[in-house]
Amino acid sequence: MLSAGGFAPAAQNSALQGPVPSTGQGLPVRSDSLKFAVIGDTGNGDKTEYDVGQQMAAARAKFPFDMVLMLGDNMYGRQEPQDFATKFERPYAALLQAGVLFYASLGNHDNQSNRFYKGFNMGGERYFSYVKKNVRFFVLDTNVLDPQQRTWLDEALGRAREDWKICYFHHPLYSDAGRHGSDVSLRVALEPLLVKHGVNVVFSGHDHIYERIKPQKGIAYFVAGSGGELRRGDTHPSGLTAAYFDQDNAFMLVEVAGDELFFQAVARSGTTVDSGTIRRQDSQTRATQ
Amino acid sequence: MRSHVAAAHHVALQRHHQRQHATHAVRRPVKRFLGLPLGVAIALVWANTLPEPYFRLAQTLAFGVNEIGMALFVGLLMQEIVEATMAGGALHSWRRWTLPLIAAAGGIAGSAGMYLAYIYGRYEAILSTGWPIGCAIDVAAAYYVLKAIMPRSGILPFVLLLGIATDLFGMLIVAVWRPAAAAPGGGAALLLVALGLAGAMRTLKVRAFWPYLSICGPLSWLAFFRDGLHPAFALVPIVPFLPHEPRKLDLLADPPDDDAVHHFEHEWNTLVQVVLFLFGLVNGGVILKGYDTGTWALMLAALVGRPAGILAAIGLAVAAGWHLPRRIGWRQLVVAAYAASTGLTFALFFASGILYTGPMLAQLTIGALATAVGPLLAIGIARLAGVGRFSRAS
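Each protein sequence line maps, in turn, to chains A and B. For the first sequence, numbering that gives the first Met the number 0 assigns the number 0 to the initial residue and increments by one for each residue that follows. For the second sequence, numbering that gives the first Met the number 0 assigns the number 0 to the initial residue and increments by one for each residue that follows.
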């Protein structure tokens, strides 16, 4: 039943047939699974960001995630101490108070010094890696993809022994958005490393839409850059597009349980706009495909 | 009858000379500077039609072209500057440098200020590292557009000096700009060996260039690379040891192929044209919808900040008692400031030295290419202001 890239074809609630939301199937919510949310391009301090924050808190009542991946542009405009309150701490106050940890990557609008902000849990690094249960996360800074970072990624991926390898960074390697779209120069620089080391899933932002890309060389790609900003109607679906939603802000909920990764994209209104399952394949299986 | 024949012969000879002059005027820039635009044009079409194969090739060739090949370009540029500024050279008089240096400082301040003001105004501080790119002047573009507008004006050496001073400043920054480079060190000893060999060759009166370039050059390159300096500048310390002949014409005017030194320079230049073509091919390809804040910042820096800075600095200098070059007025200076607003070759070179693959490089590359409108602005202003060829008096 699985496609070549290990991506379940049955994205039952896909918005691909048109940007019309449908009701969600929910996530399995297993007790021993890793649960997290994904947001990108959030920090504008507008009502949209606060609405998404509220919706995430509401979702957590049913899906108790304890971490959030931030895909960059976590702060727009001025970035003084009071802005961290209005553009991060207040919109996600309910989650922060519940002890949810945010793990940020840097976007083009973020000051590089934001990596020292405690709430972003970056440990002062532009790029870093961490483990949660059977998943190793790799956080990259695609603003400055210097040779040192590529060498680090190559070595860190090579050392990783966890079941799942998930990368996230700001600029998408694949995207069907009209404004930015795929960053092909980054793709040529990064994709060989991701493929070589068997990365399973990549999350990016930058384009202010939600899009799920058909698996590329065994890797599932998501664009989730509408957590605060939105570029309505910006998607130009192509052969790459598996599903998209660009009519309202959205965030993602993800659950990794054993060899399966369940995902759900949720609009600001609370409606599920895409969902599905990814089955993990080891690199040996991929190589034979 | 005889006088008719003589007159006809004279007219024919004049036409022949005019044709020859026109051919030279076109052939010279084509011969010396077509490589880069041609490479850029191919790269742009390729990157926007088949991006993945293009970027794969560009990233494969980038090191060889940008860090090895460009050493020949920088080396030739230094050789020409050394010859033009040595005794008997066209730009020898140091008194002529004062006002252009002041103008260059103004241009750098204007472009950097405008660039950073725009970047910080848009809250994209990450782009601030690109400010030296906004300072770059394509000396060749400035020279040829001014030569077309004011063929025998004293503004030509003025703009050459302004461009050289600005680009030397930018190159100095690019040369040492490698904060993240893992430098193994040990370069100083290698450089000493390279300089020792170059000195020995000079003592032995070696007149050919190639022994200097092929023996001392690689040693110096390795020294720069190991110490974390941009290795494209590897020939700079070697160039003073090369045999020199003063360049009596302006820097970018082709010297006659009348002695061994200039003959080698002609050969060197041919090789550099191949390098510049590859440089344009490797660095000029960008997906056009990658434009963003950095693109506008760079255009504003080059097309607004720099001319404003140059003119303001000259204004201050004149107020402080300096004199403008003879027969040069403010209208000519405005045209010259816009002729110097193109960054193209040097902007791409600085960008490739400062930034890494990715969206920042893409948006600043588009900005660098867009500054190619500078000469058009210069011609438009010259036309409006009646400067040079567009003078209403002529």
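Treat the hints loosely; a few may be bogus.
[What the hints assert, rightly or not] Stretch-level coverage of chain A by chain B, calculated; a stretch enters the list once three of its residues show a Cβ under 8 Å from a Cβ in chain B: (1) 142–151; (2) 186–193; (3) 230–239.
[Unchecked claim] Among chain B residues calculated to face chain A with C-beta under 8 Å, some are: (4) Phe54; (5) Gln58; (6) Tyr119; (7) Tyr122; (8) Glu123; (9) Asp226; (10) Lys288; (11) Gly357; (12) Pro358; (13) Met359; (14) Ala361.
Keep in mind the hints are simulated off the structure, nothing from the lab. We put the beta carbon where it would ideally sit given N, CA and C, even for glycine.
Going down the list of hints, with the structure as the test:
For the segment 142–151 of chain A, the stated coverage by chain B holds: 6 residues have a C-beta nearer than 8 Å to a C-beta of that chain, and at least 3 were required. A stretch counts as covered by a chain when three or more of its residues have a beta carbon under 8 Å from one of that chain; for the segment 186–193 of chain A and chain B the count is 3, and the coverage holds. Residue count for the segment 230–239 of chain A with a Cβ under 8 Å from a Cβ of chain B: 0. That is fewer than the three needed, and the coverage hint is violated. Here the hint on phenylalanine 54 of chain B is kept, as its CB sits about 4 Å from the closest CB of chain A, short of 8 Å.
Given the 8 Å rule on beta carbons, the hint for glutamine 58 of chain B holds: about 6 Å separates it from the nearest Cβ of chain A. Annotation: interface hint on tyrosine 119 of chain B violated; nearest CB of chain A at approximately 10 Å, more than 8 Å. For the restraint placing tyrosine 122 of chain B at the interface with chain A, the shortest Cβ-Cβ distance is roughly 5 Å, inside the 8 Å limit, so the hint holds. Because the smallest distance between the Cβ of glutamate 123 of chain B and any Cβ of chain A comes to about 6 Å, under 8 Å, the interface hint for this residue holds.
The beta carbon of aspartate 226 of chain B is not positioned within 8 Å of any beta carbon in chain A (closest approach about 16 Å), and the interface hint is therefore violated. Taking 8 Å as the C-beta contact cut-off toward chain A, the hint placing lysine 288 of chain B at the interface holds, the least distance being around 6 Å. Interface hint at glycine 357 of chain B: satisfied, since its Cβ lies 5 Å from the closest Cβ of chain A, which is below the 8 Å cut-off. Proximity of proline 358 of chain B to chain A holds as hinted, the smallest CB-CB distance being about 5 Å (cut-off 8 Å).
For methionine 359 of chain B, the shortest C-beta to C-beta distance to chain A is roughly 6 Å, which falls under 8 Å, so the interface hint holds. About 7 Å separates the beta-carbon of alanine 361 of chain B from the nearest beta-carbon of chain A, less than 8 Å, and the hint is met.
Going through the hint list in order, the structure does not satisfy hints 3, 6, 9.
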